[in-house]
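Visitor: Below, each chain spelled out in residue letters.
2 protein chains.
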Amino acid sequence: MEIVVLRLGHRLERDKRVTTHIGLVSRALGAQGLLLAAEDKGVERSITRVAKRWGGEFFVKTGVRWRDELRNWQKAGGKVCHLTMYGANLHEVIDEIREAAEDVRTPILVVVGAEKVPFEVYETADWNIAIGNQPHSEIAALAIFLDHLQRGQELTARFEHAELEIVPSRRGKEVVVKEEE
Amino acid sequence: MEIVVLRLGHRLERDKRVTTHIGLVSRALGAQGLLLAAEDKGVERSITRVAKRWGGEFFVKTGVRWRDELRNWQKAGGKVCHLTMYGANLHEVIDEIREAAEDVRTPILVVVGAEKVPFEVYETADWNIAIGNQPHSEIAALAIFLDHLQRGQELTARFEHAELEIVPSRRGKEVVVKEEE
Chain A
1 MEIVVLRLGH RLERDKRVTT HIGLVSRALG AQGLLLAAED KGVERSITRV
51 AKRWGGEFFV KTGVRWRDEL RNWQKAGGKV CHLTMYGANL HEVIDEIREA
101 AEDVRTPILV VVGAEKVPFE VYETADWNIA IGNQPHSEIA ALAIFLDHLQ
151 RGQELTARFE HAELEIVPSR RGKEVVVKEE E
Chain B
1 MEIVVLRLGH RLERDKRVTT HIGLVSRALG AQGLLLAAED KGVERSITRV
51 AKRWGGEFFV KTGVRWRDEL RNWQKAGGKV CHLTMYGANL HEVIDEIREA
101 AEDVRTPILV VVGAEKVPFE VYETADWNIA IGNQPHSEIA ALAIFLDHLQ
151 RGQELTARFE HAELEIVPSR RGKEVVVKEE E
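Residue numbers (my numbering), protein chains in the order written: chain A, 1 to 181; chain B, 1 to 181.
Keep in mind that the hints were calculated from the coordinates and are not lab data. Mixed in with the good hints, there may be bad ones.
[Claimed, not checked] Straight line, CA to CA, 16 Å or less: simulated EDC-like cross-link-like pairs of lysine to aspartate or glutamate:
no., chain 1, residue 1, chain 2, residue 2
1, B, Lys173, A, Glu120
2, A, Lys173, B, Glu115
3, B, Lys173, A, Glu123
4, B, Lys16, A, Glu13
5, A, Lys173, B, Glu123
On a predicted model such as this, the values are computed, not experimentally measured, just so you know.
Looking at chain A on its own, in the form it has when it is part of the complex (with noise of 0.2 Å):
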């Protein structure tokens, strides 16, 4: 399933963590990369610190246009996945999103806002995707998105050439830490 998160609204500084926290959710549920509409090197470094560390291909890509990604992203067969709290139901539309994520020509832009949303992006989006139609966060429906889109098995997921890996534990913390090949 091809997956790239497209983080909308970023205001620098302010915004810092909660995109942080974005990109690495994307990057431990299954998402390949992050479109940030906005620059902001900072933050593409903490992820990429991660992504290095941790193992597995993840991208961070800065200064996106957001117009100019939901066109081309349409343009190319993908299908567009608009989080917001005003959108149709999580359980109402998944099924047919996954089926369309299924295919692998149809690769799913997932747009993550922050407060204010041009109202284009709901008239473009193929989907929009309430995680429950109450306010609480980007975060969260994020990431209860991706988890029911590939049916919880990214919990699962190995990341290749890691550096460092748990091994789970129901008491204390096990890390493996790799050598260098």
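For this one, chain A is given, so just place chain B on it according to the hints.
Guide: Just chain B now, kept in the frame of chain A:
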């Protein structure tokens, strides 16, 4: 199902937004309250303001002592679930936790830490649970945990006495503003 969230390691200013997200996620995804092991009236106000407008019952209690809370919770027959990337994989343990939680005599305390969590928490918890063994976000971990615990049913819950209610919509924004009764 009785669920309360305990937030550890909150640092003033730095964690304001992340802890507010944790409170809002707790409320939106079916928990009854948030215990905060720090004094932060700003965070408390932000969360209770949302709870008042969007309905339901949700409490926030600041300045709690985590050691006392864990001890009293377990003494009263409740179970403690600590979310940590070092823990057992969610899929391995969620069935036993749900079984415990479905008994009304077993309230669930979900512990969400920040960077450094005292080892005593790992030892005291009934379960240490990893939402994937990768670094990402305590907000995301909490969201996925609450969602799996309640089998996604929390996403369609109604909130009583709301001033505002969203009508789910595939395109656009529809909000119902209710008169005071």
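Visitor: What are the numbers of the hints the structure violates, in ascending order?
Guide: none
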